[in-house]
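Asker: For the record, in the sequence shown the residue sitting at position 381 is 381 according to the numbering used here, with numbers rising by one throughout.
Worth flagging that the hints you see were computed from the coordinates, not collected in a lab. Computed from a predicted structure; not experimentally measured. All residues carry an ideal CB built from backbone N, CA and C; glycine is no exception. Fair warning: there could be bad hints in the mix.
Unchecked claim - Lysine to any residue pairs mimicking SDA-like chemistry, simulated, CA-CA at most 20 Å apart:
| id | residue 1 | residue 2 |
| --- | --- | --- |
| 1 | Lys223 | Gly238 |
| 2 | Lys403 | Lys223 |
| 3 | Lys403 | Ala383 |
| 4 | Lys223 | Glu67 |
As the list claims (entries may be wrong) - What follows is a set of in silico ranges between Cβ atoms, one per label pair, in the way DEER data are often shown:
| id | residue 1 | residue 2 | range |
| --- | --- | --- | --- |
| 5 | Arg174 | Glu360 | 38 to 44 Å |
| 6 | Glu355 | Gln191 | 34 to 40 Å |
| 7 | Ala210 | Arg97 | 22 to 28 Å |
| 8 | Arg237 | Ala315 | 45 to 51 Å |
| 9 | Ala34 | Ala210 | 50 to 56 Å |
| 10 | Gly144 | Ser193 | 26 to 32 Å |
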Amino acid sequence: MVAIEDGQSVGVLESFAEELGGVADDIPAVDFFAGLSALELGRVASLWRACGHLDATEIPAATAVAESLIRAMPDEGDAHGAIAVRTFAETILGRCRSVSSSGGNLYLGARPPGAQLRAFELLRLRTPLIPFAYAAANKALLHGLPDGSEVTLIDVGIGRGGQLRALLRNPVARRQISRLHVVGVEPDSDQQSERGALELAGRQVLDTAAELGVEATFTAVAKRAEQLRLDDFPPMRGRVLANAAFAVHHVVPSGPGELDREGVLALLHELGAQTVVLTEPDSDHVDDHLPLRLLYAYRHYRSVAACLDATLEAAEARLVWTEFFAPEVRNVIGHDGTGRSERHELSRTWAGRLERAGWELDSPRDLVPRAGTPDGFALDESAWAFRLLFGGVPLLAVLRGRK
Numbered sequence: 001m002v003a004i005e006d007g008q009s010v011g012v013l014e015s016f017a018e019e020l021g022g023v024a025d026d027i028p029a030v031d032f033f034a035g036l037s038a039l040e041l042g043r044v045a046s047l048w049r050a051c052g053h054l055d056a057t058e059i060p061a062a063t064a065v066a067e068s069l070i071r072a073m074p075d076e077g078d079a080h081g082a083i084a085v086r087t088f089a090e091t092i093l094g095r096c097r098s099v100s101s102s103g104g105n106l107y108l109g110a111r112p113p114g115a116q117l118r119a120f121e122l123l124r125l126r127t128p129l130i131p132f133a134y135a136a137a138n139k140a141l142l143h144g145l146p147d148g149s150e151v152t153l154i155d156v157g158i159g160r161g162g163q164l165r166a167l168l169r170n171p172v173a174r175r176q177i178s179r180l181h182v183v184g185v186e187p188d189s190d191q192q193s194e195r196g197a198l199e200l201a202g203r204q205v206l207d208t209a210a211e212l213g214v215e216a217t218f219t220a221v222a223k224r225a226e227q228l229r230l231d232d233f234p235p236m237r238g239r240v241l242a243n244a245a246f247a248v249h250h251v252v253p254s255g256p257g258e259l260d261r262e263g264v265l266a267l268l269h270e271l272g273a274q275t276v277v278l279t280e281p282d283s284d285h286v287d288d289h290l291p292l293r294l295l296y297a298y299r300h301y302r303s304v305a306a307c308l309d310a311t312l313e314a315a316e317a318r319l320v321w322t323e324f325f326a327p328e329v330r331n332v333i334g335h336d337g338t339g340r341s342e343r344h345e346l347s348r349t350w351a352g353r354l355e356r357a358g359w360e361l362d363s364p365r366d367l368v369p370r371a372g373t374p375d376g377f378a379l380d381e382s383a384w385a386f387r388l389l390f391g392g393v394p395l396l397a398v399l400r401g402r403k
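Could you put together the complete structure from these sequences and hints?
Answerer: Printed below as a string of structure tokens:
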């Protein structure tokens, strides 16, 4: 790997700026790279060149750059992005050698107990990421709901039901909701063993409701979001709310008649939901141009790695990175077409999708307390979303639409 001197750094950044021509002014990707150390910038420039070689099908050249980067990385990581760089370089090398991993939906087939579940628990208990997502989205769902309401909640991508359990334990929710009908949509289903995420979600939601004295029902819809149809759903009762947390960015139509992202959002509108709440990563990994995709992916995942280092012990941060975020990097950079399900979009793009699907943006306000925000993190209220940032880089966004 050839190190980049200070003078060369300017040229690299100018090339980045040209590559990012037309990107929104409020997404300062170039500013992010300008803030890197000379050593890390050199590493990222090498990744960028390797992706350029791949994009031009210059496989030997891409292989040489990736191998050189991997050999140069320290084993334990450093303050110059070594863990993230290694993951990106190994992913590029895998593409060069036609070694495929982490394709498709990464969470199908994931069964507790296991390392991934432990990683999620660390995210939930020891970092602001999952608590922000749960608290902000649940407050957005409950906003304006009259006390004593009968509610049908359509939860697209319900997972194991963690967000709904948090909702049920909220004293405000128990005052506002007298009866709850949950329609859980989740492709990870195994009715025979009853160990799929959907089956676990049903049990945990109903058990939590019973523990708290809340009357509740659960209807399971074992489908991917893009396969949904109106007749998959039971009759809606009471006030209808829709929730989609980290789910719609997986929507990649692959067959006749499947819904695109706006189609999924429009279906929720057609089902009678008065409110829809989206929680999504706030980045741009949709573009098919691999070098451009690399820049946004590195900005996002390098910021994620930094926030893990700031909130977890070193071994825990490595576990969460390895089990959760490294597979996402391999999906974003290592795959194209329907094999790439981690297709994050900017919060502004999601806002446009909501509007085109018939929703009126209802900008969330002060969804979580600003006091006590951990060092390095910040909360941002834009015209279209409530966002969590680390080091000035948006990580997560919550958006709300209403009829």
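Asker: Please go over all the hints and tell whether each is borne out by the structure.
Answerer: Hints, one by one, checked against the model:
1. Lys223 x Gly238: violated (24 Å)
2. Lys403 x Lys223: At roughly 26 Å apart (the allowed maximum being 20 Å), Lys223 and Lys403 break the hint.
3. Lys403 x Ala383: Holds: Lys403 and Ala383 sit about 18 Å apart, inside 20 Å.
4. Lys223 x Glu67: violated (40 Å)
5. Arg174 x Glu360: 38 to 44 Å: Violated, at about 28 Å.
6. Glu355 x Gln191: 34 to 40 Å: Given range 34 to 40 Å: holds, Cβ gap about 38 Å.
7. Ala210 x Arg97: 22 to 28 Å: violated (52 Å)
8. Arg237 x Ala315: 45 to 51 Å: holds (48 Å)
9. Ala34 x Ala210: 50 to 56 Å: At roughly 55 Å between Cβ atoms, Ala210 and Ala34 fall inside 50 to 56 Å, so the hint holds.
10. Gly144 x Ser193: 26 to 32 Å: violated (40 Å)
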